[in-house]
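Please work from the sequences and hints to get the whole structure.
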Amino acid sequence: MYTTELKERNQAVQGLSLEREDPERLAAFEARVAADDFIEPKDWMPEAYRKTLIRQISQHAHSESVGMLPEGNWITRAPNLRRKAILLAKVQDEGGHGLYLYAAAETLGITREEMIEALHSGRAKYSTIFNYPTLTWADIGAIGWLVDGAAIMNQVPLQRTSYGPYARAMVRICKEESFHQRQGYEIMMTLANGTDAQKRMAQDALDRWWWPSLMMFGPPDENSPNTAQSVRWRIKRETNDELRQKFVDVTVPQADALGLVVPDPKLKWNEERGHYDFGDIDWDEFYAVVRGEGPVAKERMTARVKAWEDGKWVRDAAAAHAEKRGMRIAAE
Amino acid sequence: MNRNWPLWEVFVRAKNGLSHRHVGSVHAADARMAIEAARDVYTRRMEGVSLWVVPSNAITASDPKEHADLFEPAEDKVYRHPTFYAIPDNVKNI
Ligand SMILES: [Fe+2]
Ligand SMILES: [Fe+2]
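First to last, the protein sequences are chains D and V. At position 17 of the first sequence (counting the first as 1) the number is 17 in the numbering used here, and the numbers step up by one without a gap. At position 37 of the second sequence (counting the first as 1) the number is 37 in the numbering used here, and the numbers step up by one without a gap.
FYI, nobody ran anything at the bench for these hints, they're computed from the structure. The reader is advised that the hints may include incorrect statements.
[Claimed, not checked] Taking lysine-lysine and the DSS-like style, the derived pairs with C-alpha atoms no more than 27 Å apart in a straight line are:
id: 1; chain 1: D; residue 1: K84; chain 2: D; residue 2: K306
id: 2; chain 1: V; residue 1: K15; chain 2: D; residue 2: K175
id: 3; chain 1: V; residue 1: K77; chain 2: V; residue 2: K92
id: 4; chain 1: D; residue 1: K199; chain 2: D; residue 2: K84
id: 5; chain 1: D; residue 1: K51; chain 2: V; residue 2: K65
id: 6; chain 1: D; residue 1: K266; chain 2: D; residue 2: K199
id: 7; chain 1: D; residue 1: K246; chain 2: D; residue 2: K268
id: 8; chain 1: V; residue 1: K65; chain 2: V; residue 2: K77
id: 9; chain 1: V; residue 1: K65; chain 2: D; residue 2: K42
Rendered as structure tokens:
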């Protein structure tokens, strides 16, 4: 999901071999990680570890930041003041999550500007989920419930990820996420218990968000070549398929409680496995969205770039103000 | 103008009586704006009653390579801990 390794153009990480690393240091590093010790910014680390983390944390940061857009466009249309205040707080949290993560990535030697530039130029990836449109108010409920729910599933194990600044950012984020999911579920409950039209709206939102939410966990394990390395380095703690299964298992009963139907005819409790079996995911759709063919991918990047450019005068003014004040203090 | 805003380390005092604790960092043009950004980013849920922001480049950190020199000498000085000394059970208040 947020932390799925999406391949990026000109990506050199795959080619980064460990052969050039000093074997003794590498062994000491791997022993520390295997013992669940945390790696801190000034510690020695293999280049491939650094590069993988930069990519994963910056993609995660971009996802939080772009994730403000689909919900942000409903703030002015929230059905009442209570919902508006809640949505505003949630979207602000997502902005904060982006900032915690950008700061964590910066400790690895990449600048904020480089990351923003990579996002705006289309080189960097972010979670595919945010390239789907939010058509009705029920989508805001479905996002909180399913998308933040999937995010929680993914992020909880990352609180013990091996890189200290990333793990600490995840601790803060996880503390804040659970309100996101609950407010979304509350919206769904209200709609599901409302008029027929409201109930249909809730079902329609579930129909559209269910599969993209499952895709958030990333490609199946057999198609994620870097997973083994990332798990070994404790950058990832559970595989895509493990997390996806967990998500299905906890979410289906929540849909039942709403009286809504998960749009998957193959969904069935498997007594023997102790898990739900579920239907095949349309991976062609997933890869198309990764390639930037998502329904509103262009709109998202245009909005992001516009916000950055429209904010330029504010950044310039702040810098000019700081400079002037600095000179005045120096002159005193 | 196109220069990066400097980085500030943010410290929050959760409540009076506790010391400030490092929580993360923000970029801001100056100290005042860093305080404002830190307030928005790190204290949205009553996490604190006081903020410090310190320019990141003003912090001098020890080098992990000096770990042995700096911290290992303490390892063989267990006599600095009260539990090092065996006192009979019948001796109280010590
Ligand atoms: Fe978030
Ligand atoms: Fe969230």
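Going down the list of hints, with the structure as the test:
no.: 1; hint: D/K84 - D/K306; result: 24 Å, holds
no.: 2; hint: V/K15 - D/K175; result: 19 Å, holds
no.: 3; hint: V/K77 - V/K92; result: 25 Å, holds
no.: 4; hint: D/K199 - D/K84; result: 21 Å, holds
no.: 5; hint: D/K51 - V/K65; result: 22 Å, holds
no.: 6; hint: D/K266 - D/K199; result: 23 Å, holds
no.: 7; hint: D/K246 - D/K268; result: 14 Å, holds
no.: 8; hint: V/K65 - V/K77; result: 22 Å, holds
no.: 9; hint: V/K65 - D/K42; result: 9 Å, holds
Against the hints set out earlier in the document, no violation occurs for any number.
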